[in-house]
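Student: Sequence:
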Amino acid sequence: MVMMTFLFVLVLALMVEIGVVVASSKPWDSPMNQCRITIDHFLFDLCPLFKQRHSSGQVDLVLHCETPPTITTIVYNISLSGPLQKSDAIPDDEQCADGTWACMTKREHHPGRDPLKDSGGAQVIPIITEASQSDSRLGSSSAGDRENFGIRAELREMGVNRLPSLSLQMNGGYYVDMPQRVQINFECAESDEDVLSLSGERNSTHIFTWVTKHACARMYSALSEENEESDSPPADEETNDPSPDAGELPTNQDLRFPPVTPNRNGWATITILVCSGSALLGVGYLAIHPPAVLRRHIRAIRRARSLRGISEAKLLRWAAEDFEMLGDDYEVDEMVNSRPLPDEQISEERIPLRASPTRLTLANYGTAR
Numbered sequence: 001m002v003m004m005t006f007l008f009v010l011v012l013a014l015m016v017e018i019g020v021v022v023a024s025s026k027p028w029d030s031p032m033n034q035c036r037i038t039i040d041h042f043l044f045d046l047c048p049l050f051k052q053r054h055s056s057g058q059v060d061l062v063l064h065c066e067t068p069p070t071i072t073t074i075v076y077n078i079s080l081s082g083p084l085q086k087s088d089a090i091p092d093d094e095q096c097a098d099g100t101w102a103c104m105t106k107r108e109h110h111p112g113r114d115p116l117k118d119s120g121g122a123q124v125i126p127i128i129t130e131a132s133q134s135d136s137r138l139g140s141s142s143a144g145d146r147e148n149f150g151i152r153a154e155l156r157e158m159g160v161n162r163l164p165s166l167s168l169q170m171n172g173g174y175y176v177d178m179p180q181r182v183q184i185n186f187e188c189a190e191s192d193e194d195v196l197s198l199s200g201e202r203n204s205t206h207i208f209t210w211v212t213k214h215a216c217a218r219m220y221s222a223l224s225e226e227n228e229e230s231d232s233p234p235a236d237e238e239t240n241d242p243s244p245d246a247g248e249l250p251t252n253q254d255l256r257f258p259p260v261t262p263n264r265n266g267w268a269t270i271t272i273l274v275c276s277g278s279a280l281l282g283v284g285y286l287a288i289h290p291p292a293v294l295r296r297h298i299r300a301i302r303r304a305r306s307l308r309g310i311s312e313a314k315l316l317r318w319a320a321e322d323f324e325m326l327g328d329d330y331e332v333d334e335m336v337n338s339r340p341l342p343d344e345q346i347s348e349e350r351i352p353l354r355a356s357p358t359r360l361t362l363a364n365y366g367t368a369r
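Residues 1 to 369 (the numbering used here) make up the sequence shown, in order.
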């Protein structure tokens, strides 16, 4: 019963930890239209990045890999506002189907030649799709894609004294019955650089790193105080900065208060205490009601200790008490001292209780000469 309780408490603690992790993420339907997002009292304002530098709502990344005698060109097309638009310059069978948010295309061509004309064909992988019609190239039914399609924003812990960073998670595509995912990790940069790079691919998850100054986290409470101060500027203060568009100004709907999340430190402390208490209860139960195998082992240890517990002093004291009880007319052990002659004085019997550790030979064992 105690073991079942311990397992139940352990599962409950794991569920609590999972709940804490889930609380640090939220759905992100359209990064382009929801470019300001708050998670756990942290605000990320990506509007200047998305609307000014990538106003089309699409991010393209081109990679070239040398695969002698050819060159492999990998093109990633990722949409931040909706399904990708098809290009008239590329054949339809070399593009992802309608409803695709992220597409990867691989082409091999010889150096110095046009990739589109020299390529013998393209490998098209629909990474993220919400296709409404079936496509044989997907390797899976479109209904399954629509069920798994989703975009989420998550926090990535960077340390105790550092602010967290933002991660964009996209899923919903299949290729050869393998689920495809996109993970874009935003990193805060102190300079004005805007660099998108491919970090790698792991378990059909395409991981990107986007370094930009617009990905720096800001505390929501600190931002609220700045907005209150900016609402009432001094009358004689003038500025020459052009005012941004009305669509880029923060509104009350954009700056939503984040949902209340549980205290991580408190839950972690409770989890440690509950697990420690359950472990102590389990050990106590085993000590009071040990199983048969453990009981036999404990009895063997006790028996061995009882045999080794008699010291030499106790044996000598017992022997002296026996001699006192026998008196002077005690019988001499003739097996040890041999039969004494009539005029021979009986010497004292001396038998060592154990061999001396300092003697390396058995020639002088005991008192015999």
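Don't take each hint at face value.
[What the hints assert, rightly or not] 30 Å max Cα-Cα, derived DSSO-like pairs, lysine-lysine: (1) K26 to K51; (2) K51 to K314; (3) K106 to K86; (4) K51 to K106; (5) K213 to K26; (6) K51 to K86.
[Stated by the list, open to error] Computed spacing ranges between beta-carbons, pair by pair: (7) G282 to D98: 55 to 63 Å; (8) H289 to W318: 46 to 54 Å; (9) S276 to D192: 29 to 37 Å.
Keep in mind the hints are simulated off the structure, nothing from the lab. Built from N, CA and C at the ideal position, the CB exists for glycine as well.
Student: Give a verdict on every hint.
Tutor: Now the hints, each set against the structure:
At most 30 Å may separate the alpha-carbon atoms for a hinted pair to count; K26 and K51 meet this at roughly 22 Å. Of the supplied pair hints, the one linking K51 and K314 is violated, its CA atoms being roughly 94 Å apart against a limit of 30 Å. Annotation: proposed proximity of K106 to K86 holds, straight-line Cα distance about 16 Å (limit 30 Å). Distance hint between K51 and K106 is fulfilled; the C-alpha atoms sit about 28 Å from each other, no more than 30 Å.
For the given pair, K213 sits about 22 Å from K26 by alpha-carbon distance, which is consistent with the 30 Å threshold. At roughly 21 Å between alpha-carbon atoms, K51 and K86 fall within 30 Å of each other, so this suggested pair holds. For G282 and D98, the hinted distance range of 55 to 63 Å is satisfied, since their beta carbons lie about 58 Å from each other. At roughly 39 Å, the beta carbons of H289 and W318 sit outside the given window of 46 to 54 Å.
For the pair S276 and D192, the beta carbons lie near 51 Å from each other, so the given range of 29 to 37 Å is not met.
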